[in-house]
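Chains as they are written, first to last, in numbering that gives the first Met the number 0: chain B, 0 to 190; chain P, 0 to 190; chain S, 0 to 190; chain C, 0 to 190.
By construction, these hints were calculated from the structure, which means they are not laboratory data. Watch out, some of these pointers could steer you wrong.
Identical copies go unnamed one by one, so any copy, or any two together, can satisfy a pair.
[Said to hold, decoys possible] Calculated pairs, DMTMM-like style, for lysine to aspartate or glutamate (alpha carbon to alpha carbon, straight line, at most 25 Å):
| # | residue 1 | residue 2 |
| --- | --- | --- |
| 1 | 54 | 132 |
| 2 | 190 | 132 |
| 3 | 189 | 59 |
| 4 | 185 | 43 |
| 5 | 190 | 144 |
| 6 | 189 | 132 |
| 7 | 141 | 43 |
| 8 | 15 | 39 |
| 9 | 141 | 35 |
Number of protein chains: 4
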Amino acid sequence: MSIIKVVYFSGSGNTKALAEAVNAGASRSAESELMEITGEMIIEGRFKNEEFLAKLDQADAIIFGSPTYMGMVSGQMKCFFDGTSQRWFQGTWNSKLAAGFTTSLGLSGDKQSTLSYMATFAFQHGMIWIGCDAPNELFQGKSMEEATNRLNSNTGVMSQVNFGDEFMPTPGDLKTGELLGERVAKFANKK
Amino acid sequence: MSIIKVVYFSGSGNTKALAEAVNAGASRSAESELMEITGEMIIEGRFKNEEFLAKLDQADAIIFGSPTYMGMVSGQMKCFFDGTSQRWFQGTWNSKLAAGFTTSLGLSGDKQSTLSYMATFAFQHGMIWIGCDAPNELFQGKSMEEATNRLNSNTGVMSQVNFGDEFMPTPGDLKTGELLGERVAKFANKK
Amino acid sequence: MSIIKVVYFSGSGNTKALAEAVNAGASRSAESELMEITGEMIIEGRFKNEEFLAKLDQADAIIFGSPTYMGMVSGQMKCFFDGTSQRWFQGTWNSKLAAGFTTSLGLSGDKQSTLSYMATFAFQHGMIWIGCDAPNELFQGKSMEEATNRLNSNTGVMSQVNFGDEFMPTPGDLKTGELLGERVAKFANKK
Amino acid sequence: MSIIKVVYFSGSGNTKALAEAVNAGASRSAESELMEITGEMIIEGRFKNEEFLAKLDQADAIIFGSPTYMGMVSGQMKCFFDGTSQRWFQGTWNSKLAAGFTTSLGLSGDKQSTLSYMATFAFQHGMIWIGCDAPNELFQGKSMEEATNRLNSNTGVMSQVNFGDEFMPTPGDLKTGELLGERVAKFANKK
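Just need the whole structure built from these sequences, with the hints factored in.
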């Protein structure tokens with residue numbers, strides 16, 4: 000059974016909800032764990048948490064999640080990414096699998112920018128990137144609420160959430176997250 | 000009165016409809032012209048039409064439009080872009096203004112990839128890029144049909160169209176195109 | 000033994016030379032074949048060669064190569080990419096492995112734009128992307144001629160070639176191509 | 000006389016040296032000021048410095064500088080970018096000019112990723128992006144030390160620096176930074 004870590008930052012809870020869906024999907028056939036990045040781990044713009052990083056060293060696959068803020072992963076996520084530089088230098092994560100997901104307020108906006116960069120980050124580590132292949136069920140007549148991959152994303156999972164506390168990723172977006180988790184687990188188990 | 004050219008390729012008519020809206024917006028305060036790239040201009044993968052290119056040399060601003068096919072500007076548009084290499088070499092288009100728009104079937108998909116590349120292409124020519132600043136009127140309660148910038152795009156205008164012959168950009172998407180044309184004309188007139 | 004196809008367009012011969020190196024690397028442990036895209040396959044901006052595409056359907060991994068022209072894959076390569084849309088629609092290439100390489104005149108320029116887009120294209124097909132993990136041997140004191148990955152690329156292999164007929168990728172760039180071929184073959188054989 | 004702000008984060012001093020060159024170029028015809036982002040401005044991953052932001056509100060043009068860390072602007076720079084969200088919401092920076100520069104250890108690496116994202120960020124604010132049009136003087140026979148734009152960048156200025164305390168951007172890279180500052184000032188004065 001492969002080991003998967005779902006590493007995310009969440010500002011308002013939407014990315015956390017999507018992370019839980021990804022983790023649920025991955026847990027069906029792998030040993031998957033949610034790992035949340037929090038502001039306290041970042042001291043003057045630098046991520047400091049060696050224990051957190053050491054757990055990631057054990058993973059067969061790492062799935063990254065972040066809101067898209069100002070056209071890119073959030074600052075907290077970027078500080079975490081910078082904090083992996085020692086692993087990059089030593090090649091610790093080489094050949095691990097990787098995937099990603101993101102949330103934002105707009106239907107498209109710059110979410111692709113976030114996912115494409117997450118892949119670039121993974122390639123710096125020598126990781127192998129697995130995209131989202133969930134069908135866009137809007138094309139099959141499902142509703143905006145229920146359709147998987149309604150935003151038609153490929154590099155990773157995109158979710159759009161509305162303003163306000165009561166909003167969450169749609170059931171279709173959460174299902175898309177689950178499918179990504181399942182897909183990554185399938186490949187991780189074959190390694 | 001500044002000179003604007005709206006240069007586009009359209010496969011099914013959607014990008015053409017959006018180009019017409021952009022041109023209408025630009026025409027309110029500038030001398031704007033629609034210029035369509037067609038398959039016959041491309042011989043064995045190379046764009047051959049010196050007259051077409053020479054007209055662009057006269058422009059103060061060029062606005063580029065293409066469908067997003069397979070995650071990027073269409074092949075025909077890319078062949079046209081490659082065909083501008085002599086202008087690139089000579090710096091003919093340096094400091095002209097530039098902007099862009101794209102259409103595809105998905106709500107997000109990889110349209111940002113297309114717009115971001117159009118900007119990169121413009122920077123190769125030393126052009127100055129003007130993005131889309133139309134408000135996302137979904138946030139103000141307008142409908143998917145009527146809202147400007149419902150896809151929340153920044154680098155250029157994104158339009159999503161459904162399958163089939165009878166579909167067209169929404170009224171809101173067309174209005175967003177008009178606003179881009181107006182914006183570019185405003186800056187071109189100040190040059 | 001896995002099946003690998005190295006699909007490329009080459010304008011001046013540099014990308015072809017790099018493609019041969021990639022193919023040589025892949026051939027060490029897989030059945031690898033070079034497949035060249037030529038201008039004659041493109042009719043009025045559309046790629047037409049069903050036989051060519053059908054051979055790719057058999058592959059376990061496809062490695063894409065293109066010059067970077069005007070900040071992106073060449074028009075010919077983009078026309079080929081557009082020509083795969085039927086495979087995209089049917090999911091024929093889902094879960095195949097993919098990788099890429101590019102050449103241009105500048106040391107950096109916009110080569111990352113090309114490689115990042117190739118990956119985006121692959122994700123549209125549901126393919127899994129394998130980057131370049133060759134060490135940057137400039138950091139180990141090797142010369143610009145001999146160092147592998149002297150341009151420090153991650154998403155794929157970057158090669159810089161000088162102007163003129165007599166120029167070719169450096170021995171180090173060719174070696175980097177070989178290493179990419181070897182890496183892809185290693186993963187393809189494990190599938 | 001227009002007002003320009005050169006806003007940067009620097010880890011080891013290389014980006015600072017390049018920022019000074021950009022500022023020197025801009026100062027020839029505009030009132031330009033260097034503004035350094037430091038770690039102390041970032042509390043638990045959030046940029047907190049309203050006075051810093053208020054100074055930027057006065058600018059006609061803002062030039063952004065950051066190292067490329069792990070394939071993107073540094074975490075500190077991203078936290079600053081996130082900290083501008085109130086300006087984004089209010090459209091305070093709409094139609095200001097923007098430009099960018101970056102440094103890293105590799106000749107290419109993912110520096111384009113950084114510059115392309117900086118432009119995306121600027122488009123979110125409705126800013127107008129001015130790229131780097133400095134000639135690549137390697138093509139004219141100058142040395143790696145002296146040539147302007149030796150990395151052949153378009154979206155902004157790229158500088159490559161070697162390991163170690165004593166290394167700095169090359170004279171050619173610094174000259175490229177000056178030229179960017181001059182170019183932005185020229186456009187800012189015409190506004």
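For each hint, the structure was consulted:
For the homomeric pair residue 54 and residue 132, the shortest alpha-carbon distance between copies (23 Å) is at most 25 Å, but the shortest distance inside one copy (28 Å) is not. In this homomeric assembly, residue 190 and residue 132 come within 25 Å of each other (Cα to Cα) both inside a single copy, at 19 Å, and across copies, at 18 Å. In the homo-oligomer, the alpha carbons of residue 189 and residue 59 lie at most 25 Å apart both inside one protomer (10 Å) and across protomers (15 Å), since each shortest distance falls under that limit. Taking the closest pair of Cα atoms, residue 185 and residue 43 never come within 25 Å of each other, the shortest separation being 39 Å inside a single copy and 36 Å across copies.
In this assembly of identical chains, residue 190 and residue 144 lie within 25 Å of each other by CA distance neither inside one copy nor across copies; the values are 35 Å within and 36 Å between. Proximity of residue 189 and residue 132 under a CA criterion of 25 Å is satisfied in both settings, with 18 Å inside one chain copy and 21 Å between copies. In this assembly of identical chains, the alpha carbons of residue 141 and residue 43 never lie at most 25 Å apart, being 46 Å within a copy and 37 Å across copies at closest. When the C-alpha separation of residue 15 and residue 39 is checked against a cutoff of 25 Å, the pair qualifies only within one copy, where the shortest distance is 17 Å, while the shortest distance between copies is 28 Å.
Taking the closest pair of Cα atoms, residue 141 and residue 35 never come within 25 Å of each other, the shortest separation being 32 Å inside a single copy and 36 Å across copies.
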